[in-house]
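Participant: Listed below are the residues making up each chain.
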Amino acid sequence: MSQAVRRPHYWREIAILLAAKLLALTCLYFLFFGPSHRPLADSAAVSARILDSQHR
Amino acid sequence: MDIVELSRLQFAITALYHFLFVPLTLGLSILLGIMETVYVMTGRAIWRDMTKFWGALFGINFAMGVATGITMEFQFGTNWAYYSHYVGDVFGAPLAIEGLMAFFLEATFVGLFFFGWNKMSKVAHLTVTWALGIATNLSALWILIANGWMQFPVGARFNADTMRMEVSNFMEVLFNPVAQAKFVHTVSAGYVVGSVFVLAISAYYLLRQRHVELAKRSMTVAASFGLASALSVVVLGDESGYTAGLNQKMKIAAIEAMWNTEPAPASFTVFGIPDLKTHTTKYEIRVPWVLGLIATRTADTPVPGINNLVELAKERIRNGIVAYDALAKLKEDRGNAGLRQTLDAHVVDLGYALLLKRFRPDVQNATQAQIDAAANSTIPNVPALFWSFRFMVGLGFYFIALFALAFYLSAKRRLDTHRLFLHVCLWTLPLPWIAAELGWIVAEYGRQPWVIEGVLPTALGVSSTAPGNVLFSLLGFLIFYSSLLVADVYLMVKYIRLGPDGTLGHAVAAPFARVPAE
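For the protein sequence lines, the chains are A and B, in the order given. First residue of the first sequence: 406, per our numbering; consecutive thereafter. First residue of the second sequence: 139, per our numbering; consecutive thereafter.
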């Protein structure tokens, strides 16, 4: 009589890992990539950098 | 170090680190295709086991390559925001396509390659393996189109209203001769890296009399593919140098430490010690005619020297000041057709005027001394380029000799009898990586002080962020990448030591054992 092999379920571990990853990415976003860290580089900023007689 | 130097250092470190993995991916992907083709054609199981074993090492390398490539794309936004705005319209398209190729095409076929064994027919799996190789190479094509545009910015024009370069002819960007030459040269270099990798690891097995049949067959494939690739690298490198000479004359002059234009055809300096202070090269050993013939492919076209190019740069800076002045005035008087006409007439040299920003903010009032200083800043680091190029070329010729000998011994079925040759193969392992990195140093260091040749000086491309931020992330990269390197070397060494039997989980098939027909 053959016994069906029970494969282990990793749902709990996967859920914890995904939550940890999401948390880490959120922290990274707010620490380094959030709006307050974003360097402004639009047409006006490029104009100012290139044409401003005060900017080197 | 200021923000420019820190940003450059960070990009250089991450790019050079990323390129430790890329060429091996390029080379191994094609070698896997060749090995599996033999398996499908002959039905011999040993070739399937070879494909699986080298495929496992390919997988480790591929994962590292993807992980280290992502950080570089982010840097364009974080560290090079002005660059991204100024040329993003042109540079962004190939970069985005490269991302799609890498993440969708390559990643899909990698998955099918590893998990498709025994689930697909032999021919279907072979198709997947070749598709993986083609996708990998296509991914390289797009990033080299982007890089080629940085060296030779064709198919784009400056828009004074948006203050950015915009695409005027995408086909010119796509078929940029510099990009095409760089692509074939770079992928051929990748094939050499892959071939040396297989040759060296196989030599390691033969020296220890392990997995002899698999190692001999692997060496045979690596020797023939490597010989063709090494020859291609040199021929296509010559083409790459020739196309660089179209608009990067200063890079060519710096590589050759050629200070003054000499009568055509110019001689090639095999050895010398370039002196930046006196603008001379000491202890020169020169071969007449060679440089002129290689660089211009004619006997009567001179190769301009560094000092002559500096004089030319002074003229272009003066011309650029006219464009700069018109652009500045246009910002105040947008409808002035005369100013727009003046800008259009001199816009080709606008980038040269921007070189003056390092020396004074109000470019229009530059003194002759400042113009001279800006023109002199167009000279890249001559000794670094001179020696990097010579080591790279020397290694290129060494690989041809090594593969030719391997090919000969393979043809004579004497690969496993020459222990000295096997030792040489093993110790050659790091050399193709050194050659590939030197190639990038020549290409990118030689472009300085430009981030886009003749269009945008590097210093004007960096983000207006605090140097501390870049230093912090640079230290983070160093720590993280060092850990990755340890993990990569550990995994590679582990599976190489385990060998095909241990990696595959079963003994490698006998040389003439066949897989039953489907």
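No lab work stands behind these hints: they were computed from the structure. Quantities reported herein were computed from a predicted structural model and do not represent experimental measurements. Keep in mind that the hints are not guaranteed to be accurate.
Stated by the list, open to error - Computed Cβ-Cβ distance ranges for the label pairs, DEER-style:
no., chain 1, residue 1, chain 2, residue 2, range
1, B, Met139, A, His442, 50 to 56 Å
2, B, Asn385, A, Leu430, 40 to 46 Å
3, B, Ala205, A, Ile419, 54 to 60 Å
4, B, Leu616, A, Leu423, 40 to 46 Å
5, A, Trp416, B, Asp140, 46 to 52 Å
6, B, Met139, A, Pro440, 24 to 30 Å
Every residue, glycine too, gets a C-beta built ideally from N, C-alpha and C.
Participant: Please go over all the hints and tell whether each is borne out by the structure.
Facilitator: Verification of the hints:
1. Range check, Met139 of chain B to His442 of chain A: Cβ separation about 21 Å, and the 50 to 56 Å hint is violated.
2. Separation of Asn385 of chain B from Leu430 of chain A is about 42 Å and conforms to the stated range, judged on CB atoms against 40 to 46 Å.
3. Our hint of 54 to 60 Å for Ala205 of chain B and Ile419 of chain A is violated, since their Cβ atoms are close to 20 Å apart.
4. Between Leu616 of chain B and Leu423 of chain A, the C-beta spacing of about 29 Å breaks the proposed range 40 to 46 Å.
5. In this structure the supplied range 46 to 52 Å holds for Trp416 of chain A paired with Asp140 of chain B, their Cβ-Cβ distance being about 51 Å.
6. Met139 of chain B and Pro440 of chain A have their C-beta atoms about 27 Å apart, which keeps the hinted 24 to 30 Å range intact.
Hints 1, 3 and 4 from the earlier list are contradicted by this structure; the remaining hints agree with it.
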